[in-house]
Amino acid sequence: MLGDDPSYRFLGTWRAGRSNWRLQVLSVFSLAVAFVCLASALLVVTNLAAVRDRWSRAGRATVYLKDDVSPEDVSALVKALESTAGITRVRYVSSEDARHEIVNGSGDEQLAALPANAFPSTVELAFANAVDDRETGAIALKLRALRSVDTVETYQRWTEKLSALLTGGVTASVMLALVVFAAVASVVGSTMRLLLEKRKVEIEVLKLVGATARFVSRPFIVEGAVQGIAGAVGGIVLSGLLYSVVRGRFDDQLATLVGVSPVFLPLSAMALMIAVGGILGASASWLSLRKAVQL
Amino acid sequence: MLGDDPSYRFLGTWRAGRSNWRLQVLSVFSLAVAFVCLASALLVVTNLAAVRDRWSRAGRATVYLKDDVSPEDVSALVKALESTAGITRVRYVSSEDARHEIVNGSGDEQLAALPANAFPSTVELAFANAVDDRETGAIALKLRALRSVDTVETYQRWTEKLSALLTGGVTASVMLALVVFAAVASVVGSTMRLLLEKRKVEIEVLKLVGATARFVSRPFIVEGAVQGIAGAVGGIVLSGLLYSVVRGRFDDQLATLVGVSPVFLPLSAMALMIAVGGILGASASWLSLRKAVQL
Amino acid sequence: MLTAPIRQRSGLGRRFESAAAEKPIIVCEDVSKSYQADQPVLRSLSLSIERGEFIFVTGPSGSGKSTFLRLLFRAELPDDGVIRFMGRDIVRLRDDSVPALRRNIGVVFQDFKLVPEWSAFENVAIALEVVGLPSRVIRTRVGETLEKVGLSGRGGTKAKFLSGGEQQRVSVARAIVGEPALLLADEPTGNLDPQLAIDILGLFEDLHSLGTTVLFATHDRSLLDIRDRRVVVLDDGKATDVTHGLPSFDWHEQDSGLRVAV
Amino acid sequence: MLTAPIRQRSGLGRRFESAAAEKPIIVCEDVSKSYQADQPVLRSLSLSIERGEFIFVTGPSGSGKSTFLRLLFRAELPDDGVIRFMGRDIVRLRDDSVPALRRNIGVVFQDFKLVPEWSAFENVAIALEVVGLPSRVIRTRVGETLEKVGLSGRGGTKAKFLSGGEQQRVSVARAIVGEPALLLADEPTGNLDPQLAIDILGLFEDLHSLGTTVLFATHDRSLLDIRDRRVVVLDDGKATDVTHGLPSFDWHEQDSGLRVAV
Ligand SMILES: Nc1ncnc2c1ncn2[C@@H]1O[C@H](COP(=O)(O)OP(=O)(O)OP(=O)(O)O)[C@@H](O)[C@H]1O
Ligand SMILES: Nc1ncnc2c1ncn2[C@@H]1O[C@H](COP(=O)(O)OP(=O)(O)OP(=O)(O)O)[C@@H](O)[C@H]1O
Ligand SMILES: [Mg+2]
Ligand SMILES: [Mg+2]
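Protein chains in written order, with our numbering: chain G, 1 to 295; chain A, 1 to 295; chain X, 1 to 262; chain Y, 1 to 262.
So here's chain G without its partners, still in its complex pose:
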């Protein structure tokens, strides 16, 4: 009813904002930094989760061939493997290649003196994403039954360990994200309380000239929301910059190491962060106002 003319609402907010712009910039910066933390934690969670998903599926295996296997057997095996459903990559590493790789890396004379059968020829396999650990194991066992195959290593136990480790990482990151969330809430809350502190006179005067609680609190709540949103946007932009710097350095390495290219936060997560910023800001304002505006 009274006091709802939008121009006054705007005037009040604007007037409030103008007089404290340095304070606002500061608090938005604090918020942005807090949101960078949140975004970083989310980023770690997102990427670790992606890595875990990928690894729990992306089986690899090394097929160790018998010493006396003939080149024809090898090419037959490779051909057969290549046409097997679920296997995406087949690479033959001859005994000489293996020796070359290992002995050249070290200066150890004893190693160089080892016979050829110390370096068995192998076929390295990569499985499709859809192939899970159990299927990989089954393929390996069938391969072992072949004449030319000596043994097959599926690294299954290692994959399991790694997957568990990554799950641990996800858990830790989620907890960190929660802590950061608390930090964001506390920064917003204390900033709002302190802004309020600074505008004590303004609020007192408004109440004394007969402003309703709504009239007094609206600009503050709008401002809280705006600050929260600005902080979230700033945080996302900052972590985007950070991410692009990091990615420029590590992308290739990570992609080969981990098997997945790092990704930035999905759009939905960003939207969520901005919404959380706005809601958190508005409600922190409202909470800190409640007592001050009464009467």
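Hints may be right or wrong, so weigh each one.
[Unchecked claim] Pair ranges (Cβ atoms, derived): (1) Y:Val242 / X:Ser222: 58 to 64 Å; (2) A:Lys200 / X:Glu76: 22 to 28 Å; (3) X:Glu76 / G:Met175: 47 to 53 Å; (4) X:Glu144 / Y:Val91: 39 to 45 Å; (5) X:Pro40 / A:Val237: 22 to 28 Å; (6) X:Glu29 / A:Lys291: 51 to 57 Å; (7) X:Glu147 / A:Lys291: 36 to 42 Å; (8) X:Gly156 / G:Val201: 17 to 23 Å; (9) A:Arg214 / X:Gly143: 47 to 53 Å; (10) X:Arg88 / Y:Ser209: 31 to 37 Å; (11) A:Val237 / X:Asp235: 55 to 61 Å; (12) Y:Asp30 / X:Val137: 27 to 33 Å.
In case anyone wonders, no lab produced these hints; they're calculated from the structure.
We treat Cβ as the ideally placed atom computed from N, Cα and C, and that holds for glycine.
Start from chain G and add chains A, X and Y with the ligands according to the hints.
Frame of chain G, contents of chains A, X and Y with the ligands only:
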């Protein structure tokens, strides 16, 4: 010279502190939360680094035995391995054990129908911490040259990958720690600026009655340092609580998974955090005071 | 005439007015107030103020003049007693009815209560903004009122950059711009030179002639002497009406411990 | 006698005093000050004040009385001109010498400048604390001074809970507690009843008789009439000495646009 009577210094600080204690509690809480973030990041770094160190050394290997190896050869090999320097654990897994382990786990009939040589008997080795990747590789190659040994898998490439991954984790955590550090600095700074804002009248009056810049700023700087220290201590206590909760749940799993038991921050890191809190608080105060106290 | 736009819009205000046609605008019955248990400021004060009166409130420093005025617009609650404004008991008013009460009352605060960061114009305009007047009306009204208090051309200056007397006049302008039913002026001329003080008193008299009830708390005897008005003296927690001829009361003879060095 | 402890301790203060034995305590030469380019507040004002004088400064609201006093304790710098305090040019004073200057000057601010959260005692004591007096001395001195201004027993009350007149008296107490060489009082009686105003004037006269130079800015003509003192009128940016018999000057006849409604 003048105004250096310690009782006045105390009086000033105390008087300043008394009137704003709610504000102080709030800001110390914000700081504590920021420090929890810092501590969490450091905790992750500390533990990841420990895991990486452990894994880069803790070589494991699986020795695949020839199908026709005799029990005597096996026990001779096991004995020889047990007395080899650097090897800490030797476990013999017979072909039947391996079949049992794998086939029982799945209901796959094809697997059960596989011949015995699909499940080679193995000897699993664990190396001492002091043994690095290169030495592990050398031992493996020498083993391969033995009559009864078919092949040896050292998982070296996997260990390398994992190690690189963990290095990536350490890097990411260090960066996160830097971001959190910026957050702490910004929270301290803005809190101080806002406390200052609240005490504008006090500072103005002090200057008008002829207080020197030192007299005015000392209580604020002391207060900034006290707040920073309180925030750091609070943060450490909070993260200690968090850590003990987390450890209670994950300790055993982690220890078996990762090979190291998680550790809390070392005392030196805690001392450093407290010192950083104090210095950061005092200098944030000083910086925000500089302009206000001039003249 | 000027009063119309505000009174029409503040529907709540009209409720107060129609409720009490001929009754006194303010009735205080046995009002007590103390901030510290052993030092009562008001002791069962009783006072009745008719609609349209112009009353000076005076008394020594610390006698409770400001406290009494604060009770009337519910900036403070009495420990005991009843205060009626236009027939309604404002002690038992619900919190969300307080704004409506205050919109009917213009107050000149002893310490001005201006927002230092706002301009003089904004400080005056806020009294109309809270009622929700359109900005066009606000602009003309505020401009007129600033001119009345001798501050035309200073509307854009921030309150903190105004001189003491200018701030006091901004506070006066904010109190009168809404043409309230009741005007409470707490020492509104303490920072003004004698001529300006008389001019401000004149503004209040203009308002009074339009029907506003005025309570004017002051120490300035020269103002009290200008017209033959009702004078209420607050002393020792009680209100006493003084028939004109003030020089007869000397508070300090009994209760001041000061050595008069002149 | 009471002056000794402070003056002895503030070595910087003594420098000021010994520098100028018989010269005027304040000399202003062609001092100009304006906050907005088109509205000069002081226009090449020149004024000389002898050591031990008691001067009233008066003039219409907004004429620059407070600005002039602020220039004297370097709360403000002039745009132009020279201001000498005890022979030293305070315009070109280094920033870290300003505290020493201010310790020689007691100021009663027009808006009191009390810290609302501090008690009356603390607000007065701070003037001695900055000099570094021992707390025992501070306690007695502050107690005595609060008693002088009629506030004994109120020392423990927070400034924000004091009445307007009480706050003003705390401000007076803080200005005189250090027994300064120069006392600048900016409208120190605007919130006091006539008797208290005369008592405070009496306190200033006591201090004056001990050697303090007093500048007393006021609108209150009744105070101006009490003694035959030098009166300086600030108007139109200039200072003019007025021989006694004030009623002859009427600032408002020329420059006020107010309708006098009385
Ligand atoms: N909020 C408060 N808390 C505690 N004491 C208060 C409060 N407000 C006023 N007092 C005390 O109540 C007494 C009356 O104060 P009040 O402001 O009503 O006096 P006053 O008549 O307006 O005096 P003055 O002429 O000096 O303005 C004073 O002694 C004051 O210290
Ligand atoms: N910091 C400032 N910025 C801008 N203008 C100012 C500032 N301080 C004072 N003024 C202006 O300078 C003029 C003189 O102010 P000053 O306070 O000196 O007047 P005054 O003689 O003390 O008046 P009063 O009797 O009302 O206290 C006023 O018009 C005022 O608005
Ligand atoms: Mg009062
Ligand atoms: Mg002034």
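Hints and how they fare:
no.	hint	result
1	Y:Val242 / X:Ser222: 58 to 64 Å	violated, 20 Å
2	A:Lys200 / X:Glu76: 22 to 28 Å	holds, 27 Å
3	X:Glu76 / G:Met175: 47 to 53 Å	holds, 50 Å
4	X:Glu144 / Y:Val91: 39 to 45 Å	holds, 42 Å
5	X:Pro40 / A:Val237: 22 to 28 Å	violated, 49 Å
6	X:Glu29 / A:Lys291: 51 to 57 Å	holds, 55 Å
7	X:Glu147 / A:Lys291: 36 to 42 Å	holds, 39 Å
8	X:Gly156 / G:Val201: 17 to 23 Å	holds, 20 Å
9	A:Arg214 / X:Gly143: 47 to 53 Å	holds, 49 Å
10	X:Arg88 / Y:Ser209: 31 to 37 Å	violated, 57 Å
11	A:Val237 / X:Asp235: 55 to 61 Å	holds, 58 Å
12	Y:Asp30 / X:Val137: 27 to 33 Å	violated, 48 Å
The structure is inconsistent with the numbered hints 1, 5, 10, 12, although it conforms to all the rest.
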